[in-house]
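Keeping the supplied structure of chain W fixed, place chains F and Y upon it in accordance with the hints.
Chains as they are written, first to last, in numbering that gives the first Met the number 0: chain W, 0 to 318; chain F, 0 to 296; chain Y, 0 to 440.
These are calculated hints, taken from the structure and not from any lab test. As the structure is a computational prediction, the values presented were derived from the model and not from experiment. Hints may contain errors.
To be verified - Not the full set, but computed from the structure, chain Y residues with beta-carbon under 8 Å of chain F:
1) A55
2) T56
3) N76
4) N87
5) N88
6) Q91
7) T92
8) S94
9) D269
10) G294
11) S297
12) G298
A virtual CB, placed ideally from N, CA and C, is assigned to each residue, including glycine.
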Amino acid sequence: MALTTAQTGLSRARRGVAPGGPGKPANRKSKLSSQTRKTFFWLLLPSVILLVLIHGYPLVYAGVQATHDGSLIETGEFVGLENFANVLASDAFWKAARFTLLFTIVGVFGSWLLGLGLALLLRTKIPAGGLFKVLLLLPWVVPIVVSSTAWNWLVGTPDSLVPGMFRNLGLGTPLFLADPTLAAITVMVFKVWISFPFMMMMTSAALASVDTTVYEAASMDGASRWQQFSQITLPLIARSTYISWILMTIFCVNDFPTIYLLTGGGPVDATTSLVVLAYRTVFQDFQTGPGVAIAFLMTITLVVVSVILYRQIRKSSVE
Amino acid sequence: MSAVVHAHPQSGPVLGVADTGKPNRSLSDAGLRGRWWRFALILAITAVVLVPIMVTVVLAFTPGPTSTATGFTLENFGSVFSETLASTWLQNSLITTLSTVVVAVAVAAPAGYVLSRGRSKAVSGYSLLLFVMQSLPIITSVVPLFILFAGMGLVDNLMGLTIIYVGSTMTVATWMMAAYFDSIPISLEEASWIDGCSVFGSFTKVVLRNSLPGVLSTAIFAFLLAWNDYLVAIVFLRSTEIFTLPMGVQSFFQQNQTDWTSVMALAVIMMLPPIIVFAALNKYFSVGGIGGSLAGR
Amino acid sequence: MTIKSSVTSTAFSRRGFLGFAAAAASAPLLAACGGGSASQSGGGSGVIKFWDMPWATPAYNDAAKKIAEGYAPASGNLKASYQTIQWNNFYQTFSSAIASKTGPAVSTGGGFQAFQFEQQGQIAYADKVVEELKKNGMYDDFLPGVLDPFKSDKGYVAVPWQLDMRVFWYRKSLFEKAGVALPTDWPTLLEAGKALKKIGAFGFTTGSGAGNNYGNHSMIMMMVNNGGGVFNKDGELDVMNDRNVEAIEFVSELVSNGIVDPAAVSYTTDNMSAQWKDKKAGFGLFQVNVPQRVGDTSGDLLVADPITGPHGDKATIVFPNNIMMYTNTPSQASSEAFLVAYLGQLKQLWQQKLMSALPVFKSITELPEFANDPNNVKIVKEWQPIAKTFASQGNTLNANLAVLDGGQALNQFTQTILTGKTDAKSALQTFQSGLQSVLKK
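Chain W extracted, bound-state conformation (with noise of 0.2 Å):
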């Protein structure tokens, strides 16, 4: 699904783009009189109104909240960047941001993996093709709060489904949220099933926008599958691909109730993302103005993250 043939994405920002494509913009220029700007000003104005609402106005108040020393009802005193350099002190901080770094990287490329194998897979013909491609979509349908439960009762304790077929199998019984390197490979697998029908649905729409006779030229030069695969069909869908991987690392990094459903961020925060940390520190700890604090450092290396994904998406579109 998502972003069809969402290819030239992100570039628009940067290019100022050109409509259909960077060969003609010249054609343009004189119809962009003030009559189209002002058609222009208002297509945008209501995006505009929401971001400054939803958007603006939070962040405005989280801006103000990480510089003081209040709680949710009162603003506190001023602090400046108090919060934020003892948030930078802890090691609680480090530990978390090591682990979202590594729960973002399984939970996109992972995702992906499958993802982009089961879209190659369901392009060819295959026996009742729609079935598998509308229920392949059900983990990312069913609420989390659900699926936690099942997954809890599926590796929650040394009797469930699957620790009892590794028992089985003679592999002993992997305590799979109780021990701490376990849980956190639980909760990256948790993630990886919850979000790859998004990777599926994307790396679909874009496949179909490849055009097939490119691969008839290409097997006619003798091109292997692999060569085919990696030398045409990656970089056809390659602008595709970096906006999916951008879209799957936000929500990666803002995950929220993934982690806190089934671990809780444990055992000994080996599972404690910076959101969880951001809200165990403000509703948990009441500490608004730190736990505030670790949220925005958080953006911030999101989009410093991103801006550079966003870089790559140019270059890729200039290839």
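Using the frame of chain W, we list chains F and Y on its own:
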């Protein structure tokens, strides 16, 4: 990737990879065998992936702790509908979600058009801003938004919830629409301008009309976000009779215990509308969007 | 629905949002610190808004709603409305409602919520309610010591209405099968645990997974059971005392002997209930009414006797849940009148067997519906008198206890002990410094 190796050509939707060198044997034994191999593979993957969901579904049809029924039963659904406000919640969820979808597309499509066609620093700056501003996690935005909306009388009310959903889907939706519009050649609009159409007229009559797959993608994104949210709803909604379905699910979680059979029954009810939507719209996604009709641009 | 009509035309996106923007612009940027506009104050329409939590099954909330809405005020006082608030993110719900002046006039809530909001000047003291209770005789009906923890220098911060007790439960058939006597002190607890382990059961059942605080409570309970605790008599932080070290070393011993389930660190409350139901749990700390909760009313699950610590101490912990009043009310006199009347009707909830907590009134503990259960009687007789609050050796409650109860420091400490990879002393040291950094002095 074995999927690639087994890829198979066909006349319809485009493949990831062609079946090299043997274009004429596509319906031969080898081709058929590959087809069944792929079927077995995807069946296996689907079966594994769906295990957690089967757990949910099975429990939804299992008699509850106080029930006298045995085996497979529909009584959980019966009791969810008769003893709770599930039908009201379903209605609320549908209203909120559909309103979100309609308004989000109505806001994102024009904005996406400007991002796609506009050529100024301001427009490209706005594109980046859309992205930056939505990066703040929702858990830190909910409290300020509540305070703001309470001042306008928009809390404990589906309108307020819808506005927030529109706001949170709008950023990504705008990008999605812009990306789609990029694939529509400007030449179509230029022709309409010559016929005397205004910019707005050509946007609605030419561009939008050719953007059904893009609109649908955006709509589905908005649909799922609004349909599954509970982090916003839990702070904004109070009265049982205006709960959305995820809030309804939450209401079975009590201090000391959880009514799991009801949770699962409601979860199965929650899964149905998105499944119906996906199944109904499936063909629009597989035709590869606008690519075919505008080939040769 | 209003939404439907407003989204039908594109006019919505322009005019609708323009009006909306104007409204937004006129709202003060930080409504929170401005102190509330007059138009919004209180319940608005002249009703006492009472917010309650899902303390038990939906039948509980139906019954409580009946009581609140059936309340007939004396002339001049306002009627009450009832609203259930979900547990999930409840602190966020209360905070945002209070900050926007759309909160309740009276509410139940988290155990230490009243003290948190008192600190922020949002709580109306209940002294007049207590006076009224003295007049109508209910004051003398309180079980010993339940009201005192709510008295601060400025007045009563809230009024208790139920006691969420932590007591040891055991499964009789497992002890018979293991051929071991019920523990009476720590060495016999260890022995019983070892015997239970031989038959595949656990002698110290607990859990510390997502949303489960029983593990935390087990830790504090063992400290208190040894005469220790997190706070000393003067209410000062005192984690590193010898009694605590001894208690936690003992818990670590239980862990290393496999008497605690190795997966307990990740157990949710549902996982724990399943352990009890599936006869994996032989002994452990839990709440009131466990048989109903886990769905085993065969009479095999019973309340154990309190256990004596190595220095002769006997104690457990209790969470006195309470009803609080807020300064933002249409009429303080009406809030007070409602609260008094509501407390007078509480017995109905126990009569209908809806509660899984102890009542605060003696008269309710004597009701046949409550006293017919020998487990209940045992808890009232043997456990309630030795119960201490989270304030441990301190006598009054305060906002810091909310940070202790739900906060990260205690949870991480518990998980550290349950995973058994750190020695008691250094875990306590980390716990202490973690608490120090978040507690308000």
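How the hints compare with the structure:
With a least beta-carbon distance of about 6 Å to chain F, the hint placing A55 of chain Y at the interface is held under the 8 Å criterion. The interface hint given for T56 of chain Y is met, as the beta carbon of that residue sits about 6 Å from the closest beta carbon of chain F, less than 8 Å. Taking 8 Å as the C-beta contact cut-off toward chain F, the hint placing N76 of chain Y at the interface is violated, the least distance being around 24 Å. The restraint placing N87 of chain Y at the interface with chain F holds, with a minimum CB-CB distance near 5 Å, inside the 8 Å limit.
With 8 Å as the threshold, the beta carbon of N88 of chain Y comes within range of chain F, its nearest partner Cβ sitting at about 5 Å, so the hint holds. With a least beta-carbon distance of about 5 Å to chain F, the hint placing Q91 of chain Y at the interface is held under the 8 Å criterion. Residue-level restraint check for T92 of chain Y holds (minimum Cβ-Cβ distance to chain F is 5 Å; threshold 8 Å). With 8 Å as the threshold, the beta carbon of S94 of chain Y comes within range of chain F, its nearest partner Cβ sitting at about 6 Å, so the hint holds.
Interface hint status for D269 of chain Y: upheld, as the beta-carbon distance to the closest one in chain F is roughly 6 Å, under 8 Å. Evaluation of the G294 of chain Y hint against chain F yields a held restraint, the C-beta minimum of about 5 Å falling below 8 Å. For S297 of chain Y, the interface hint is violated, since its Cβ never comes within 8 Å of a Cβ in chain F; the closest pair sits about 14 Å apart. Taken as an interface hint, G298 of chain Y does not check out: its beta carbon lies about 18 Å from the nearest beta carbon of chain F, beyond 8 Å.
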